[in-house]
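Given these sequences and hints, build the entire structure.
If you want the building blocks of each chain, they are given just below.
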Amino acid sequence: MLDKIWKIFSSVKTAVILFSFIALSSIIGTVIEQNLDPEKNIVLFKKIFGEELAPQVFKISYSLGFMDMYHSWWFLTLLFLFCSNLVICSIDRLPGIYRIASEPVKPLDPDSFGKFSIRKEIKLKGDYDNIKYSVISLMKKLGFRPETLDAAYGCQLFAQKQAYSRYGVYMTHLSVIIILVGAVIGILFGFDGYLSLPEGTESNVAYARKDSSGHPLGFTVRCDDFSIQFYGTSDKPSEYMSWLTVLKDGKEVLKKAIEVNDPLRYEGYTFYQSSYGPVPDSEGILIFRVKPKDGAVDDVGLRVGDAFEIEGAGLKGHITDFSPALAFDKDGQPYTYTEMMNNPAVYIEFTEDGQEKYSGWVAKRYPQTWLLPEGHIVELVDNWGKQYTGLQVRKDPGVWVVYFGCFMITVGLYATFFMSHKKIWALIRMEKGQITVNFTANTNKNKVAFERNIYKAIESLEKI
Amino acid sequence: MGNSDFFGLATIGYIIAMMAYIAYLIFRNNSIGVAATVITTAGFISQTIAFILRWVESYEMGIGRAPLTNLYESLVFFVWCLILGYLIIEFKYKNRSFGAFITPIAGVALGFIDLTGLSKEIEPLVPALQSNWLLAHVTMSFIAYSAFGLSFASAMMYLVLKTDKRNESAYIFWTIAGGVFAIILIAMGLDFIKFKILAHSTEELIRNHLFKATLRSSSGAVTAVSWIASLFLIFVTWRYGHVLKKIIESFDLTTDLLDELTYKTIAMGFPIFTLGGLIFGAIWADQAWGVYWSWDPKETWSLITWFFYAFYLHARLMRGWKGIKVAIVAVIGFIAVIFTYLGVNLFLSGLHSYGSL
Numbered sequence: 000m001l002d003k004i005w006k007i008f009s010s011v012k013t014a015v016i017l018f019s020f021i022a023l024s025s026i027i028g029t030v031i032e033q034n035l036d037p038e039k040n041i042v043l044f045k046k047i048f049g050e051e052l053a054p055q056v057f058k059i060s061y062s063l064g065f066m067d068m069y070h071s072w073w074f075l076t077l078l079f080l081f082c083s084n085l086v087i088c089s090i091d092r093l094p095g096i097y098r099i100a101s102e103p104v105k106p107l108d109p110d111s112f113g114k115f116s117i118r119k120e121i122k123l124k125g126d127y128d129n130i131k132y133s134v135i136s137l138m139k140k141l142g143f144r145p146e147t148l149d150a151a152y153g154c155q156l157f158a159q160k161q162a163y164s165r166y167g168v169y170m171t172h173l174s175v176i177i178i179l180v181g182a183v184i185g186i187l188f189g190f191d192g193y194l195s196l197p198e199g200t201e202s203n204v205a206y207a208r209k210d211s212s213g214h215p216l217g218f219t220v221r222c223d224d225f226s227i228q229f230y231g232t233s234d235k236p237s238e239y240m241s242w243l244t245v246l247k248d249g250k251e252v253l254k255k256a257i258e259v260n261d262p263l264r265y266e267g268y269t270f271y272q273s274s275y276g277p278v279p280d281s282e283g284i285l286i287f288r289v290k291p292k293d294g295a296v297d298d299v300g301l302r303v304g305d306a307f308e309i310e311g312a313g314l315k316g317h318i319t320d321f322s323p324a325l326a327f328d329k330d331g332q333p334y335t336y337t338e339m340m341n342n343p344a345v346y347i348e349f350t351e352d353g354q355e356k357y358s359g360w361v362a363k364r365y366p367q368t369w370l371l372p373e374g375h376i377v378e379l380v381d382n383w384g385k386q387y388t389g390l391q392v393r394k395d396p397g398v399w400v401v402y403f404g405c406f407m408i409t410v411g412l413y414a415t416f417f418m419s420h421k422k423i424w425a426l427i428r429m430e431k432g433q434i435t436v437n438f439t440a441n442t443n444k445n446k447v448a449f450e451r452n453i454y455k456a457i458e459s460l461e462k463i
Numbered sequence: 000m001g002n003s004d005f006f007g008l009a010t011i012g013y014i015i016a017m018m019a020y021i022a023y024l025i026f027r028n029n030s031i032g033v034a035a036t037v038i039t040t041a042g043f044i045s046q047t048i049a050f051i052l053r054w055v056e057s058y059e060m061g062i063g064r065a066p067l068t069n070l071y072e073s074l075v076f077f078v079w080c081l082i083l084g085y086l087i088i089e090f091k092y093k094n095r096s097f098g099a100f101i102t103p104i105a106g107v108a109l110g111f112i113d114l115t116g117l118s119k120e121i122e123p124l125v126p127a128l129q130s131n132w133l134l135a136h137v138t139m140s141f142i143a144y145s146a147f148g149l150s151f152a153s154a155m156m157y158l159v160l161k162t163d164k165r166n167e168s169a170y171i172f173w174t175i176a177g178g179v180f181a182i183i184l185i186a187m188g189l190d191f192i193k194f195k196i197l198a199h200s201t202e203e204l205i206r207n208h209l210f211k212a213t214l215r216s217s218s219g220a221v222t223a224v225s226w227i228a229s230l231f232l233i234f235v236t237w238r239y240g241h242v243l244k245k246i247i248e249s250f251d252l253t254t255d256l257l258d259e260l261t262y263k264t265i266a267m268g269f270p271i272f273t274l275g276g277l278i279f280g281a282i283w284a285d286q287a288w289g290v291y292w293s294w295d296p297k298e299t300w301s302l303i304t305w306f307f308y309a310f311y312l313h314a315r316l317m318r319g320w321k322g323i324k325v326a327i328v329a330v331i332g333f334i335a336v337i338f339t340y341l342g343v344n345l346f347l348s349g350l351h352s353y354g355s356l
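Protein chains in written order, with numbering that gives the first Met the number 0: chain V, 0 to 463; chain X, 0 to 356.
Calculated from the structure, these hints are not laboratory results. Quick caveat, the model's predicted, so the values are computed rather than measured. One or more hints might be untrue.
[Stated by the list, open to error] Partial list, derived from the structure: chain X residues whose beta carbon lies under 8 angstroms from chain V:
(1) A127
(2) Q129
(3) S130
(4) Y262
(5) A266
(6) P270
(7) Q286
(8) W300
All C-beta atoms, glycine included, are put in the ideal place defined by N, C-alpha and C.
Written out as structure tokens, the structure is:
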């Protein structure tokens with residue numbers, strides 16, 4: 000019974016069947032968008048199956064887990080079976096490979112030098128010892144360390160190299176398993192969640208992606224600031240940045256400005272910059288840099304409704320309105336083009352001695368709006384507390400196992416495809432005053448290249 | 000001269016080279032062959048200059064990045080790798096007949112750029128792409144894709160040479176595969192003519208007009224005629240497939256050489272794809288998105304492609320499958336590559352965007 004199961008699992012047929020199932024279901028999984036609003040997939044099903052069939056098909060595929068297929072029990076079972084197949088196949092074939100790889104190379108019977116297709120006979124004149132020495136150095140140049148067998152006819156030199164490359168396949172297979180083990184560790188002991196922090200706030204919990212339940216971190220993260228940079232005057236973002244501070248037991252332990260591709264790591268948790276947005280109904284603080292024409296620069300923090308004075312100019316500005324993203328249309332009319340803080344702007348009414356003087360918009364990304372007619376500059380530097388940064392919070396103790404597997408698979412594949420188990424023999428005989436050298440060699444892969452290298456080396460020997 | 004001028008020269012060069020290689024196949028005249036090689040090499044050098052210039056220009060624009068970041072640039076780089084790979088093979092095996100199969104792939108890829116109206120602007124990078132992994136991940140993926148492209152060409156030629164009976168399943172396979180390939184190209188060409196040239200549509204061609212001129216036309220009659228014409232084209236390929244065989248037979252390509260070439264290019268591409276495509280991609284995804292694997296369509300299709308080639312290698316090395324069976328796997332493998340590369344970007348998201356209408 001056990002034998003039978005073993006046989007089934009070690010057969011390539013099983014591998015092919017499992018492989019086809021995994022490939023086919025993966026394809027289905029790419030067509031049905033995963034973890035989506037059911038509505039959207041029903042629309043997709045209606046396109047494929049028609050109005051009438053769609054609800055039924057959806058119900059069936061929903062109960063089979065096609066909406067979150069890669070985590071469904073049957074897909075994981077398929078992966079598990081595939082792994083078992085891989086392990087059993089490898090174990091099944093390992094003893095044979097072990098024998099071949101660990102066997103020391105033996106001298107050949109002089110008659111069987113014609114057995115392998117790589118072979119060459121050359122005749123040389125000269126001193127026997129000299130020739131033997133140059134054959135040894137030829138083999139060393141090819142990367143072999145030959146052993147010598149002296150015999151009545153002369154001697155035989157033989158060697159092998161890269162026998163271990165036979166294990167490359169096993170290393171590759173083993174690393175696939177290691178990668179999957181790493182993935183399982185991640186699923187079992189990891190945490191995948193998110194945290195939205197408005198500027199200036201902190202939190203000691205993150206929220207699970209699955210069910211939004213709170214997950215205590217064991218430390219506190221504070222968002223000091225969030226900023227978004229754009230390419231030139233376009234609305235193409237060039238950089239999202241969050242300035243984060245980690246607090247442990249009330250003390251600041253780590254400060255880092257994170258951006259996409261550069262997360263913050265602390266105590267096994269990693270915080271990725273993943274989204275951002277405006278905080279609704281938040282007042283926030285507007286930070287201005289005011290530079291009177293003949294005065295010193297001064298930074299002030301204000302809110303909508305506040306007023307400020309321009310030192311020595313007798314001008315007073317009243318902030319009356321705010322726009323998260325201001326633009327001017329063809330006719331120069333201002334309008335707000337998105338609720339995101341793409342170009343924050345404030346409307347300021349200036350008065351002189353209580354008399355209304357002029358008013359207008361000052362926008363963060365439009366320097367031309369900062370300049371007042373008298374030459375004073377009112378720059379909107381930042382709006383603080385009006386945005387939140389969306390962080391992805393993840394803990395994955397399995398990730399290093401996965402990376403180790405990736406490293407191993409690279410080595411394994413290199414050994415499998417670019418290395419080969421090579422053997423070489425040389426027979427040196429003295430006959431009628433001249434010396435005959437017979438070469439023969441064998442390899443399990445990349446024969447053509449090996450053959451060329453040997454013939455080239457032999458040619459250079461003949462020239463001596 | 001800017002990068003687009005040199006690139007234009009390269010495109011013209013490849014198209015002339017394609018015709019020269021085909022002429023070489025038909026007339027077997029050696030000087031035509033030499034001319035084809037010279038033109039291809041000149042095109043290649045011109046494209047290399049274009050690549051470097053584009054890189055330099057991006058710095059002058061203050062963006063400063065390797066030109067490998069969007070569909071247009073990746074297609075161009077794919078062509079570059081493919082031609083380089085081909086020139087190496089031509090030099091090593093001293094055989095030009097392969098060129099008639101490779102230069103059309105290059106031509107189709109370049110034609111595809113104009114056909115789809117892909118943006119050729121040097122555009123700044125979104126934050127997720129600003130990473131040192133970009134260069135390694137993209138170049139290695141495309142070197143692998145090109146190696147797979149070469150294996151596809153040699154496997155197809157192998158199938159053409161190895162089959163002769165019309166009821167043989169391998170013969171049917173390659174005639175259908177070749178026929179469908181031709182139909183898709185013709186249908187896309189007609190879309191291009193109808194919507195871009197005649198109607199001046201500014202909408203994105205693939206998303207909005209794919210096959211609308213023919214197979215998915217709003218007029219029932221046109222649709223029916225298109226389908227019949229397609230079936231007829233496949234029939235013609237099937238009926239007269241032996242003509243192609245005669246042509247290929249007239250070069251000094253042995254089936255053993257083609258079989259070996261298919262294996263070698265896959266054995267070359269597979270480890271590079273594993274490391275550069277899957278592993279570097281996973282590490283980068285981990286850096287940028289916080290997950291090394293998220294089963295998104297692109298990742299999944301890369302894995303499917305990887306499975307196909309893993310299957311090819313096992314079938315050949317373990318089972319000792321030689322010849323026709325593995326050649327078919329190699330052809331299917333490259334179809335998966337095309338889908339991973341283009342299909343996922345163009346159709347799958349397209350499918351979902353239709354779904355959300």
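Tell me if A127(X) is really an interface residue toward chain V, meaning its C-beta lies closer than 8 angstroms to one of theirs.
Holds, about 5 angstroms.
Against chain V, run the beta carbon of Q129(X) and see if the smallest gap drops under 8 angstroms.
6 angstroms, holds
Identify whether the interface hint at P270(X) stands, where standing means a beta carbon of chain V within less than 8 angstroms of its own.
4 angstroms, holds
Interface hint check: Q286(X), Cβ to nearest Cβ on chain V, cutoff 8 angstroms. Holds or violated?
5 angstroms, holds
With chain V as the partner, please determine if Y262(X) meets the hint condition of a C-beta pair closer than 8 angstroms.
10 angstroms, violated
Does S130(X) pass the interface hint, meaning its C-beta sits closer than 8 angstroms to a C-beta of chain V?
4 angstroms, holds
Please check whether W300(X) passes as an interface residue: C-beta within 8 angstroms of a C-beta belonging to chain V.
6 angstroms, holds
Double-check A266(X) for me: the hint is only fine if its C-beta lies closer than 8 angstroms to a C-beta in chain V.
Since the shortest Cβ distance to chain V is 5 angstroms, the answer is holds.
Hint 4 from the earlier list is the only one contradicted by this structure; the remaining hints agree with it.
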